[in-house]
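Full structure from sequences and hints, please.
Residue numbers (the numbering used here), protein chains in the order written: chain A, 1 to 344; chain B, 1 to 460.
These aren't lab readings, by the way, just hints derived from the structure by calculation. Do not rely on the hints blindly, as some may be mistaken.
What the hints assert, rightly or not - List time: in silico BS3-like cross-link candidates among lysine-lysine, alpha-carbon distance up to 25 Å:
#, chain 1, residue 1, chain 2, residue 2
1, A, K110, B, K211
2, B, K249, B, K211
3, B, K46, B, K213
4, B, K432, B, K211
5, B, K287, B, K242
6, A, K336, A, K110
7, A, K231, A, K338
8, B, K264, A, K110
9, B, K264, B, K287
10, B, K212, B, K404
11, A, K338, A, K196
12, B, K264, B, K249
13, B, K404, B, K213
14, A, K112, B, K432
15, B, K249, B, K311
16, A, K256, A, K112
17, A, K338, B, K433
18, B, K213, A, K110
19, B, K433, A, K112
20, B, K432, A, K110
21, B, K213, B, K44
22, A, K112, B, K311
23, B, K282, B, K264
24, B, K432, B, K212
Stated by the list, open to error - Computed beta-carbon distance windows for the label pairs:
#, chain 1, residue 1, chain 2, residue 2, range
25, A, G306, B, K279, 46 to 54 Å
26, A, G6, B, Y428, 35 to 43 Å
27, B, R356, A, L119, 38 to 46 Å
Using N, Cα and C, we set each Cβ at its ideal position, and we do this for glycine too.
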Amino acid sequence: MDTVLGIDLPTWWFLLIGALISGYGILDGFDLGAGALHLFFRKEQSRRIALNAIGPVWDGNEVWLVIGAGSLFAAFPLVYGTILSVFYLPFMLFLVAIIFRGISIEFRSKEKMNWWHQLWDVSYCLSSTVISLLLGLILGNLIQGIPLNANHEFVGRLHDFFNPYAGLIAITVLSLFMMHGAMYLLMKTEDRLYAKLTIIANNTSKFFILCFMATSMATLIYVPHMTAIFKGHPELFILPMAALLIVLNIRRSIEKRQYRRGFVSSAVTTALLLILFAMGLYPNLVLSNIDPRGNISIYEAASSDGSLRTMLLFAFIGMPLVCTYTVFMFWTFRGKVKLEEHSY
Amino acid sequence: MDNVELLSRIQFAFTIAFHYIYPPLSIGLGVCLVIMEGLYLKTKDKVYEELTRFWVRIFALIFGIGVATGIVMEFEFGTNWATYSRYVGDIFGSALAAEGIFAFALESAFLGILLFGWNRVSPRVHFMATVLVALGSIFSALWIVVANSWQQTPSGYRIEGTGMQARAIVTDFWAMVFNPSSIERYSHVLIGALLAGSFLVLSVSAWYILKKKYIVHAEAAFRIALWVAAVSSLAQLFTGSKSAEVVTKYQPAKLAAMEGHFEKSAPGDMYLMGWVNAKEQKTMGLKIPGGLSFLVHHDVNAPIPGLNSIKPENRPTAINFVFQTYHLMIAIGMALIALTLFALFMLYRGKLFQTRWLMGVFVFSVLLPQIGNQVGWYTAEVGRQPWVVYGLLRTSDALSQAVKAEHVLASLIMFTLIYVMLFGLFLYLLNKKIQHGPDVVSEDETSSRMNPSLSPILNE
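This is the structure in structure tokens:
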């Protein structure tokens, strides 16, 4: 099999897509979280500032979803088709929420009526919450495995997806994003909104840690295959330990009012949790919970070596560019939000 | 055709047709914005700056809906067409991923600066952002059309596996990218987008001129957009005939459907308008006998293989539909050439902006390129049927196995309701922005109302 730097091509793409999904979770995570918190801000002025805090960057953040999905399509088409068609209705709801979220941000400032603002505020908050929950629900089911037979055909039913473990993951993802969003908003706001957000950050971080503990316990008990890798490689246990320390560091940063550090910590937490998931998964991409032959491995799902190699070259050229744009954008709009005549 | 197939096809057709209202406007308007802001940097004339700021606001509205409805498209390949995704992932997926990395990332990142960066970056950096957003949208179209062109004229691939396990594998990446129809179809699509964007500017400017509002701004914008539109409409004639040549060579069934040509080997006629009775295999209408043969082979007597030379199961089913959409596209193309050339002539005579009926025509002309772009794509996509990848994979074989008809019906109803609402809101807000007009502070237009929104917004 073709390798680049000693790593085979499907593994490269497994890592790359993992990085893209982590990038999406970290970047869109904070603006989804900010959206989910939106209705906690009561004043029109506060809501405008909160919206404009993510205004110039949220579209760039969503790019990571588009690239992540496109890469999964290109590198592992079998998985792309399987996951999206199996989770047909959840993904359709996800798309609807994506549409509503985009137009809420865009349309809100276009009229002066109070009810108009209220309407789009609710729509923005609701769609952000629904997107976070659906991402968690899908993730929760992928962690447990889905009913695929030996031919990778789906033999389950839709309502199987609404199980307690997936629900727990959904709430955990929402709480993570809300905490992450609160920390981002703290870096962008001043005065009374800032004061309010310190309380919100405090509460959401407590809520997240509660969810994190519950998820850890539930995963150890109910999803043993996710932790099987530690039996063979006890040294890898350093990763969940690091995750725990960083999560505790979030609390410390909030108590010390070091929100930039807190934001970085919650970003690292997002990445570490996805890395733990990836380690439990590798070399599979989709697990079957009824028949091990139903698992879809990266080798079975991968596109041709030629295609993977070309695309890897594209990624090596393109991703530094994407990261440069991202940094340039955040740098241009650094500092506290000031409302201007062209703001939302 | 079973229900899942029918519903999935309706859903895809509906969501892509709705999506396609917006990207061509973004591309064409993006190019107009580059010219406007470039002129501002060059001349330092405030009118161009105010024009840029005004059209950026409209661009934002269009771009936002384009992105939201575009993400739907990317996901639908996987949700509704899982077998297709697996079959073409190696190729189509690569092009789609390249679009994300090289194009969409560029436009989305710099859109922030375009919209919100006025006071954050220097005018030069802002102009650079405008150029990059426009370039991003142009690259975006490139990769998408490349992916679609491969479906029309596959090349640079081999088929691996058989039956439900079969899939297409790239053997030559550049042969895949530059497949026989890529360049012709991309240029045709790109110019169609320039027409869509420039005619929006023409329409809004003509309306201001009729209403005697923002005259200086409107005339400046009209001139810019008229040149873009005139050059584009002439160029479209060329790219259109090139596209027709490619169809002739590689997709004979589509060509035959476009002209309603049934006989196995007889000279092909060219219709100006007409009606196809597919059952009786008759096409009636106003025609140039042997015109198609002349266009393709430069000989009115050269035989053209008709639909009867193609196996019945490989023929497009909606022949009259393809015939009508194709001829409507051509008619619109010709009308746009006549309209823009006549307007240029009137501009040369110095009477353009005083000719009120012509301004009235331009107000409504915005619909023409939109309809032209839509029916052009209907011709290309319906004419390709029954194949989703021409000659390789049938649309009926491309479906998701896990999806049930009631799920697709539910999502189709959902999309219909949301898109109807979205379109209503879009028209409402577009109209509002147009009524509001550019924020004018330049001295040469003191008659225009000063805009209240320039007062410090924090006091609101």
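Going through the hints against the structure:
1. Proposed proximity of K110 (chain A) and K211 (chain B) is supported: the alpha carbons are some 23 Å apart, at most 25 Å.
2. Distance hint between K249 (chain B) and K211 (chain B) is unfulfilled; the C-alpha atoms sit about 50 Å from each other, more than 25 Å.
3. Among the hinted pairs, K46 (chain B) with K213 (chain B) is consistent with the structure: their alpha-carbon atoms are about 17 Å apart, no more than 25 Å.
4. With a C-alpha separation of about 15 Å, the suggested pair K432 (chain B) and K211 (chain B) falls inside the 25 Å cut-off, and the hint holds.
5. Our distance criterion of 25 Å between C-alpha atoms is met by K287 (chain B) and K242 (chain B), whose separation comes to about 21 Å.
6. Taking the CA atoms of K336 (chain A) and K110 (chain A), the gap is about 23 Å. The hint holds against a cut of 25 Å.
7. Simply put, K231 (chain A) and K338 (chain A) have alpha-carbon atoms about 53 Å apart, too far for the 25 Å limit, and the pair is violated.
8. Restraint check for K264 (chain B) and K110 (chain A): not satisfied, since their Cα atoms lie roughly 59 Å apart, outside the 25 Å limit.
9. About 19 Å separates the Cα atoms of K264 (chain B) and K287 (chain B), which keeps this hinted pair within 25 Å; it holds.
10. For the given pair, K212 (chain B) sits about 56 Å from K404 (chain B) by alpha-carbon distance, which is inconsistent with the 25 Å threshold.
11. Using a Cα cut-off of 25 Å, the hinted pair K338 (chain A) and K196 (chain A) holds, with the two alpha carbons roughly 18 Å apart.
12. Restraint check for K264 (chain B) and K249 (chain B): satisfied, since their Cα atoms lie roughly 16 Å apart, inside the 25 Å limit.
13. Taking the CA atoms of K404 (chain B) and K213 (chain B), the gap is about 55 Å. The hint is violated against a cut of 25 Å.
14. With a CA separation close to 12 Å, the supplied pair K112 (chain A) and K432 (chain B) stays within the 25 Å bound.
15. Distance hint between K249 (chain B) and K311 (chain B) is fulfilled; the C-alpha atoms sit about 18 Å from each other, no more than 25 Å.
16. Between K256 (chain A) and K112 (chain A), the direct Cα distance comes to roughly 40 Å. Violation of the 25 Å bound is thereby established for this hinted pair.
17. About 24 Å separates the Cα atoms of K338 (chain A) and K433 (chain B), which keeps this hinted pair within 25 Å; it holds.
18. Annotation: proposed proximity of K213 (chain B) to K110 (chain A) holds, straight-line Cα distance about 22 Å (limit 25 Å).
19. With a C-alpha separation of about 13 Å, the suggested pair K433 (chain B) and K112 (chain A) falls inside the 25 Å cut-off, and the hint holds.
20. Restraint check: the Cα-Cα separation between K432 (chain B) and K110 (chain A) comes to about 9 Å, which is no more than 25 Å; the hinted pair holds.
21. Proximity of K213 (chain B) to K44 (chain B) is assessed by CA-CA distance (about 22 Å); at most 25 Å being required, the pair is judged to hold.
22. Straight-line distance between C-alpha atoms of K112 (chain A) and K311 (chain B) comes to about 61 Å, which puts the hinted pair past the 25 Å bound.
23. For the hint pairing K282 (chain B) with K264 (chain B), the CA-to-CA distance comes to about 13 Å; that is within 25 Å, so the pair holds.
24. At most 25 Å may separate the alpha-carbon atoms for a hinted pair to count; K432 (chain B) and K212 (chain B) meet this at roughly 18 Å.
25. Range check, G306 (chain A) to K279 (chain B): Cβ separation about 47 Å, and the 46 to 54 Å hint holds.
26. Against the hinted window of 35 to 43 Å, the Cβ-Cβ separation of G6 (chain A) and Y428 (chain B) comes to about 58 Å, which falls outside the hint.
27. Here the CB-CB span from R356 (chain B) to L119 (chain A) is close to 40 Å, well matched to the stated 38 to 46 Å.
Violated hints for the displayed structure, listed by number in ascending order: 2, 7, 8, 10, 13, 16, 22, 26.
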